[in-house]
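Could you build all of it, start to finish, from the sequences and the hints given here?
Residues per chain, in single letters:
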Amino acid sequence: MSYSRRPLPYLFVLIFSTVLVAVACVPPFWAQSAVPPSPKATEDLPAGPIEAKATTACLECHEARIIVQQRLSRAAWTKEVDKMTKWGALVNPSDRDALIDYLSANFGPDQPPYEAPRSSPGKTAQGKVAPGKSPRRKNVVIK
Amino acid sequence: MNSRRNFLKQMSGAAFAVSAAPSLISWAASVDIPGEDGLIVRSFRFVDLETPVEYFDTWLTPVPHFFVRNHMHEPSELNPEDWRLTIGGEVEKPLTLSLAELSKIETHEVVNTLECAGNGRSLYRPQVPGVQWGKGAVSTARFSGPRLRDILQRAGVKTTGKHVMFRGLDEVPGKVPPFIRSIPIEKALDSDTLIATHMNGAPLTRHHGFPARALAPGWIGAASCKWLTEIRVLEKEFEGNFMSPGYRFPNQPAKPGDAVKPEDTHVMTALNVKSAISRPSEGAKVKGSKVSIHGTAWAGEADIAKVEVSTDGGTTWSAAKLGHEQAHYAWRLWTYDWKTAKSGEYIVMSRATDTQGRIQPATPVWNPSGYLYNAVDQVKIRVV
Numbered sequence: 001m002s003y004s005r006r007p008l009p010y011l012f013v014l015i016f017s018t019v020l021v022a023v024a025c026v027p028p029f030w031a032q033s034a035v036p037p038s039p040k041a042t043e044d045l046p047a048g049p050i051e052a053k054a055t056t057a058c059l060e061c062h063e064a065r066i067i068v069q070q071r072l073s074r075a076a077w078t079k080e081v082d083k084m085t086k087w088g089a090l091v092n093p094s095d096r097d098a099l100i101d102y103l104s105a106n107f108g109p110d111q112p113p114y115e116a117p118r119s120s121p122g123k124t125a126q127g128k129v130a131p132g133k134s135p136r137r138k139n140v141v142i143k
Numbered sequence: 144m145n146s147r148r149n150f151l152k153q154m155s156g157a158a159f160a161v162s163a164a165p166s167l168i169s170w171a172a173s174v175d176i177p178g179e180d181g182l183i184v185r186s187f188r189f190v191d192l193e194t195p196v197e198y199f200d201t202w203l204t205p206v207p208h209f210f211v212r213n214h215m216h217e218p219s220e221l222n223p224e225d226w227r228l229t230i231g232g233e234v235e236k237p238l239t240l241s242l243a244e245l246s247k248i249e250t251h252e253v254v255n256t257l258e259c260a261g262n263g264r265s266l267y268r269p270q271v272p273g274v275q276w277g278k279g280a281v282s283t284a285r286f287s288g289p290r291l292r293d294i295l296q297r298a299g300v301k302t303t304g305k306h307v308m309f310r311g312l313d314e315v316p317g318k319v320p321p322f323i324r325s326i327p328i329e330k331a332l333d334s335d336t337l338i339a340t341h342m343n344g345a346p347l348t349r350h351h352g353f354p355a356r357a358l359a360p361g362w363i364g365a366a367s368c369k370w371l372t373e374i375r376v377l378e379k380e381f382e383g384n385f386m387s388p389g390y391r392f393p394n395q396p397a398k399p400g401d402a403v404k405p406e407d408t409h410v411m412t413a414l415n416v417k418s419a420i421s422r423p424s425e426g427a428k429v430k431g432s433k434v435s436i437h438g439t440a441w442a443g444e445a446d447i448a449k450v451e452v453s454t455d456g457g458t459t460w461s462a463a464k465l466g467h468e469q470a471h472y473a474w475r476l477w478t479y480d481w482k483t484a485k486s487g488e489y490i491v492m493s494r495a496t497d498t499q500g501r502i503q504p505a506t507p508v509w510n511p512s513g514y515l516y517n518a519v520d521q522v523k524i525r526v527v
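Protein chains in written order, with this note's numbering: chain A, 1 to 143; chain B, 144 to 527.
Hints in this document: simulated from the structure, not taken from any laboratory. Take these hints with a grain of salt, some might be off.
[As the list claims (entries may be wrong)] Listed below are the simulated PhoX-like cross-link pairs for lysine-lysine, each with C-alpha atoms no more than 25 Å apart in a straight line:
1. Lys318(B) to Lys79(A)
2. Lys482(B) to Lys430(B)
3. Lys404(B) to Lys83(A)
4. Lys79(A) to Lys398(B)
5. Lys449(B) to Lys482(B)
This is the structure in structure tokens:
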């Protein structure tokens, strides 16, 4: 009785396609909110009296995540600031101590650990971490 | 155009977005990095990406899951037609090879577990500066390309040649010293040391050093310079920041927190013996009377002799079953089927021993730069 079953797949495809098109036309929820979640491709430095100068000194060469993941003593931050100044970071000698204070206060050993984000899961990662819950996004692979 | 700006311009072509997502892991704010799937972003600019341990479930790591370690910015422009590899220094006949010429040299394959010397740095106490790698700055791939030995033989190494220096096309920010390192001539002439052009059968991707990288198998990742453009044979070890004070290990154990004088250190070469538990993950709740514990183990230039698992915090140990896929320089996957006694919290540990008799220590060997972490691995789980 195969003839009587033939229309069903077509009906299914039609309905499924309609649903797909409808879903594709709806903006993702973050596009609807006033303040979209920050993508945080690169991290920000925390607010503070020397934030602007720290941004100029440090972020010219690397992003803030390299800093915010550290949990170092004041002595270790002092070494890092002096090394980076030697390597081209623009730190006015009169700002050196304030910069060390800022880094030590925000990224000292007693701060909770920094939680790094993940890169978006593509085909390779699907099904790896949350079986049954396919990641919603897929990367466009540009090599 | 300023190279950094160029790089940013290129990267801005990629879509940075938030993935709304399921789940157990923080996909909540994931970063789109084309070609890299679900890696832990230790740094985006420059790129440093860690392989999550749950991906240690295949002998060969798919390239999108292979960790990435960059010391500085990737070459912003690299035209394979224009790319050249020069071979000079203590050689009879300096050479310049195009990619087409390089590809005509006989190819050799090596399955190699590549590990960053700083893998596990975040686990040291007191903490030390540097990329705060967890357990996943390590991956395994089938690398292929000409042997470095064959290239050096074409150039004719003089008897004065004792070390071989690699320079890549990394773009140096500020006054940062360039990323240049050298390896001893014996390692350079080893039949498994490559100028790799392929990884898992495909041309190297940009993050992994396209079009060619050195591959010093079994050694710390820093020995395998990416975007290679110059090979120079030297009379002595290269002198530069990434040979000293960078990438050196104390000759004697240091007291945690102590400084170590440069003269009391040596250049790191081969990797340590080490294992990692890939499943169950830290904090997992597992059901059932039988729990399969999975992981991997590697030992640099040595082979894995055995992996043992403890489910009672290290009091007793049982042998894990080693996977059948193996190659010199490559990790071994392993499994252990644990018949759980009763519900509750457990510390599951893994400990590898290699063919040189090296065994993972119970506690890490602290050092000022947080290199070569290889303490017994452990996860805390709850059996319900």
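Inset, instruction - Starting from the hint list further up, note which numbers the structure goes against and sort them upward. - result: none
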